[in-house]
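Number of protein chains: 2
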Amino acid sequence: MAFPRPKPTTMETLAMERANPSFNIRKMSVAMHGSERALILKEKFMAEIARHPAFKLSDIHDLSKDELRERTMEKFASMVYFVTTESLETFQLRMQLIGIADPSFWTRFGVAYGLFLGALRSGATPNQMSYWIDRGVLGLNGVIGCFAMTELAHGSNVAGLETTATFDRDTDEFVIHTPHLGATKWWIGGAASTATHAAVFAQMIVDGKKHGVKTFVTQLRDTKSFTLMPGVTIGDIGKKMGRDGIDNGYIQFTYVRVPRAHMLMKHTQVSRDGVVTEPPLAQLTYGALLGGRTSMVTDSSNSAKKALTVAVRYAAVRRQFSSGKNQLETQLLDYPIHQRRLMPLVAQAIAIGFTGLRLQVMYEDMTQALDRMEPSDPNLNDILDKLKETHATSAGLKAFCTWACLDTIDKCRQSCGGHGYSAYSNFPLMYADFAVQCTWEGDNTILSLQAGRSLVGAWGGAIKGKKLAPGVAYLNDSSLSSAKSDSSLSLSDIQRAWNCVAFNVIKKAAEEYVALLKSGKSKDEAMEKCSQSRFIAAKVHTVGYIFRLFREAIEEMKDDEETKTLRTVCKLYGLWQIEEQQGYFLKYGYFNAQQMDKVQESVDALCAEVRGVAIPLVDSFALSDHIINSPLGKWDGSVYESYFAQVQAANPPPKEHPYFNRLIKPLLERQNEDMEDPESAMGLNEELKEIEDERKGEQ
Amino acid sequence: MAFPRPKPTTMETLAMERANPSFNIRKMSVAMHGSERALILKEKFMAEIARHPAFKLSDIHDLSKDELRERTMEKFASMVYFVTTESLETFQLRMQLIGIADPSFWTRFGVAYGLFLGALRSGATPNQMSYWIDRGVLGLNGVIGCFAMTELAHGSNVAGLETTATFDRDTDEFVIHTPHLGATKWWIGGAASTATHAAVFAQMIVDGKKHGVKTFVTQLRDTKSFTLMPGVTIGDIGKKMGRDGIDNGYIQFTYVRVPRAHMLMKHTQVSRDGVVTEPPLAQLTYGALLGGRTSMVTDSSNSAKKALTVAVRYAAVRRQFSSGKNQLETQLLDYPIHQRRLMPLVAQAIAIGFTGLRLQVMYEDMTQALDRMEPSDPNLNDILDKLKETHATSAGLKAFCTWACLDTIDKCRQSCGGHGYSAYSNFPLMYADFAVQCTWEGDNTILSLQAGRSLVGAWGGAIKGKKLAPGVAYLNDSSLSSAKSDSSLSLSDIQRAWNCVAFNVIKKAAEEYVALLKSGKSKDEAMEKCSQSRFIAAKVHTVGYIFRLFREAIEEMKDDEETKTLRTVCKLYGLWQIEEQQGYFLKYGYFNAQQMDKVQESVDALCAEVRGVAIPLVDSFALSDHIINSPLGKWDGSVYESYFAQVQAANPPPKEHPYFNRLIKPLLERQNEDMEDPESAMGLNEELKEIEDERKGEQ
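Taken in sequence, the protein lines are chains A and B.
The first sequence stops at residue 699 when you use full-length UniProt numbering, and every number in between is there.
The second sequence stops at residue 699 when you use full-length UniProt numbering, and every number in between is there.
Hints listed in this document are in silico derivations from the structure and should not be mistaken for laboratory results.
Certain hints may be false.
A pair holds if it fits inside one copy or across any two, identical chains being indistinguishable in the list.
Using 25 Å as the maximum straight-line C-alpha spacing, the simulated SDA-like pairs for lysine to any residue come out as follows [stated by the list, open to error]:
#1 K56 to Y659
#2 K214 to S482
#3 K44 to T227
#4 K214 to I234
#5 K521 to Y335
#6 K209 to Q327
#7 K518 to Y335
#8 K7 to Q331
#9 K239 to D59
#10 K523 to Q327
#11 K239 to D62
#12 K7 to E552
#13 K388 to V213
#14 K464 to E389
#15 K655 to E67
#16 K214 to A38
#17 K518 to A605
#18 K558 to D59
#19 K239 to R662
#20 K598 to E511
#21 K224 to L668
#22 K239 to D66
#23 K65 to G242
#24 K411 to E528
#25 K665 to D560
#26 K266 to G139
#27 K56 to A19
Bound conformation, chain A alone (with noise of 0.2 Å):
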């Protein structure tokens, strides 16, 4: 009586699809993390957390919020240990690892060692630093830090902390305090039940005179019974959208003293005698924010590659209508619709991962450079314009790239039906705990801004004949203005594309704002008018710079069948964004109509293409199981089975109904008589007419 099961099942559709790819697996892998030793530790390090008890993830969506906290300080004691053995490049891509294996793990640990010690790092003198070195900062044995700098009312604007750092002569200590509700340091990672101290931001004040935004290091809790320090009040902001495993707290200081030694002093200091010496030029700080936004556009790359390995394997082995009776249903990756939908999302994730490679190679070449040359190098110039366009470009990079990858894991979620509903589909907790890095280290609007009033600048710049670092190098060549496509939609024809019309809105922004200062506005006033068309331009801008690196990366490999795919990879990118962003294409005329429906026609057929290869593409991220920890997306296409197991193994039966007799026997069991006369409802009508007629009254 039973149905026939249809033929093949989901295992056997997923082996089909891994049959005789047209690339191999392992070196696209391999080019994806830039290299074989990127590639091989990445597998050592997901073999290793595998197995930890404390990196279990497949119970992570029941557990509750103190669970999670819990469960995410037990990792603590293992990555300390890593941190004090291995060299720093192996911990960072060890890090870049657990960052999408587990965000909150990653902030929580981040906190620590990325944000305190960075403030250490570039804050104290090599005395503070030893000191605190001696204090067991590196090991975090003696001292867990963390990093006191937002407020309740003020994120984005650090200059416009409340907080105050009072310098008692008397004593030689500051006195730390919150003035008022707003001031309270709010968001602390680590503050609610880790940290022993924080580094506090606080208005400096010596003899009433304010100096700005300083840095404390302020002690919280004893480090032996872990009680609050006199003075310190903390406590718990509770639950987020996501990454409920940090310990995020609010902190009030009720004047708490601390030596004037504790206050960092590389740049400003503050003598015995009250006297501020000010650093004679603003710190360089353009290298830490690189660093930072680089490990962001490699996280949202691997974020948006978790989720499309999810997404694409389920639209392989999902099969939904047949075209005739009794035939095979079609599997979802079959519709063109359904290509469209996962097609391009892969493409821009590839090539996101190849521009965060390159952006990492830059920032580390500049670095070194900086770190070899001296003040009289004539070549320190354009080492540091690269640095600052670079610097730039990167504020974009983030916000358009995190963009992008919270769009991705949302728009997989939505192509798996209810099933990504599901809170084991893991797409929930993905895009809750992604969600975060559209705000934090610059709300993305606000450096899409700051992105694009540098775009302004470098046209001022181009316009006076300079010559632009290369990022915005194409700014030079005015030709640009009114390029036309040559119709062969080539790569070069698609940069040429992304580069004509990335000229235009530039333009069009830097012309709105030399209009605007002529009329009288503030340079402030006017960069703030012409706020919509700086971020335009810094949108256009951020596609072009990806499409750009990705098509370098390319460029530099051999011509073989992996490059082939990445160059058809490139070319889906690069026309898809051109649809997305159409309207700046034909108006600035690279492209005519014909032309663009042409584009659509490409972008078709190439969704069409990627798809023949969509299973060993996303293979090729080379993500586990584990880390996926999706039922959806296993590697061997046990969809079904996996995902049932998993329902089945996190809601076991309870042993007695919770409520039915309190809640539901009686509503089974209740009378007829119990209810009034449904006439009554007449008696609404009445009700309501006597709150009409009172509010008539009362006009």
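Using the hints, position chain B against chain A.
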């Protein structure tokens, strides 16, 4: 020593925003709610639930899934009282409000009242209906139903469901059976712990012959003991992205017998002898679907308004950065880019709200007209055409309105910076709860394609000279194909712009389809192949339709200040969407590049204009603090105080640190000697080399 608090306070700021509004907030509110009666009822409902303990919302973020489920069940009894005592119209308005206050409960209650009862209403004979009413289906006293349609391996494709219902002539019963894992009923709301009965969709088999999917009322649990009936296996499907108050479950049937009379036989009938009588005509189900979609359009508007009320009020009181020293910091709402982030979304939510109101009226008018008509009425075909067109348009509206709302919620969250990521902002829950609207009742992408298919069909009618139904009547005007802007950007110019562009994108999709047919594709293949163009056709048509309905609503109002403001809002909506989809307007030449620049300028100016009344506008959404459930959107502006109070209330300090002794103390007190020599890091490279060598050996 304390810093002076900045003046004015957040409360004073909001009061200033409300001083001297250019329109009467109450009148505006009445307009948005369709009638004063609807508004007064809503206020009454809000007051009722604000004081009802089961409808407490402030603690909802910290409840576990199981606590949420129990809390949700507590609401049943109060709601049953209303359903049995008030008019359907009043009850529907009540449920509309519940839908935004508590989407979990809305669904859980809706499963029993909307879906199960709806299945009976549309499928049961009068005798069957009165049998189930006698059993207590109306008051939930005796029967609590659920709706067992979707299966693990089949969602959208209802005809492909694999559960079987085999007629057993000997016992006059149907045997309901789940033949394999993929046929497990899945996602069944209410199944896990509430329902006693299910409307089971199963392939009917009589004498070995399949007759397609029919509905069988099947008892799941004993109504006294609540134990599962023999052969019924039920499990909880556990955590979801949102709506955790619903107890979705899975059901497997193992040869479960139901009396033949429990098959719903209004349409297909099976006699005692197993004779199957199919209905003469396929059932006209437009009406039922249309009602559901209309309510989803309204819910999209309401949910978006809820998020926007929070984001706009917060943007009014949040100040960040000052232009000069010691100056008051600027309200976020005064930044042009922040206006750009929120004002178009306000306009969109209002536009969708008016669309929902008009759809509701159209739907009721059509139903009444159909009811009144005799089959011989010469107007019958017109009405049916209109119903068919509205049905197709409603598919697109459901898709694009739910997408717009989901997007609005997340943009609102992002616009509140870090605080938007706090669970207490309520954005995370709003997003998670709403997200499923894009998937259920038809996946949005699939629905868009259905709308597109109907537009392609309408086009075919138009070129044959057929007079089309009002919603697509513009396709009869071939002069639109090459229409041009009169440069006024007036409401009528904007309307023509949408008609022109919708005309052209539909034409493109239709011509693609025809070309594919001519190239030898089957109708199905051709439709699939042109799906991207169909999708675009649906998108453009839908926005133009919303604009038209909004504009029609305004044109019917008397010419007062409220109407003037709504005209501005309407213009912003129309022009902003033109900007968003500018590619099509340029491609088909309705606007040229210079005109498009004007559009951008106008949107900037309209955003600034709407910003001037932003607080009065969101006030007229008439959502109480209880419904909004976000301290960031408090009506009185006491944002930080309320937020702090809620965070404190939700997170009382634990008596004892839950894991200091186990996890943190050992870390802090670890001796350096406990760590291995850092030089052992060298070991890693050797290890890695070994792995590499091994791998090379394999190749």
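Going through the hints against the structure:
no.	hint	result
1	K56 to Y659	between (32 Å within a copy, 19 Å between copies)
2	K214 to S482	neither (50 Å within a copy, 63 Å between copies)
3	K44 to T227	neither (40 Å within a copy, 50 Å between copies)
4	K214 to I234	within (21 Å within a copy, 61 Å between copies)
5	K521 to Y335	between (54 Å within a copy, 15 Å between copies)
6	K209 to Q327	between (82 Å within a copy, 18 Å between copies)
7	K518 to Y335	between (55 Å within a copy, 21 Å between copies)
8	K7 to Q331	within (12 Å within a copy, 62 Å between copies)
9	K239 to D59	both (19 Å within a copy, 11 Å between copies)
10	K523 to Q327	between (67 Å within a copy, 17 Å between copies)
11	K239 to D62	both (15 Å within a copy, 7 Å between copies)
12	K7 to E552	neither (44 Å within a copy, 54 Å between copies)
13	K388 to V213	within (24 Å within a copy, 65 Å between copies)
14	K464 to E389	within (17 Å within a copy, 59 Å between copies)
15	K655 to E67	both (23 Å within a copy, 16 Å between copies)
16	K214 to A38	neither (39 Å within a copy, 56 Å between copies)
17	K518 to A605	between (49 Å within a copy, 19 Å between copies)
18	K558 to D59	neither (44 Å within a copy, 60 Å between copies)
19	K239 to R662	between (29 Å within a copy, 23 Å between copies)
20	K598 to E511	between (32 Å within a copy, 15 Å between copies)
21	K224 to L668	between (58 Å within a copy, 8 Å between copies)
22	K239 to D66	both (10 Å within a copy, 17 Å between copies)
23	K65 to G242	both (10 Å within a copy, 16 Å between copies)
24	K411 to E528	between (33 Å within a copy, 20 Å between copies)
25	K665 to D560	neither (70 Å within a copy, 55 Å between copies)
26	K266 to G139	within (23 Å within a copy, 74 Å between copies)
27	K56 to A19	neither (32 Å within a copy, 56 Å between copies)
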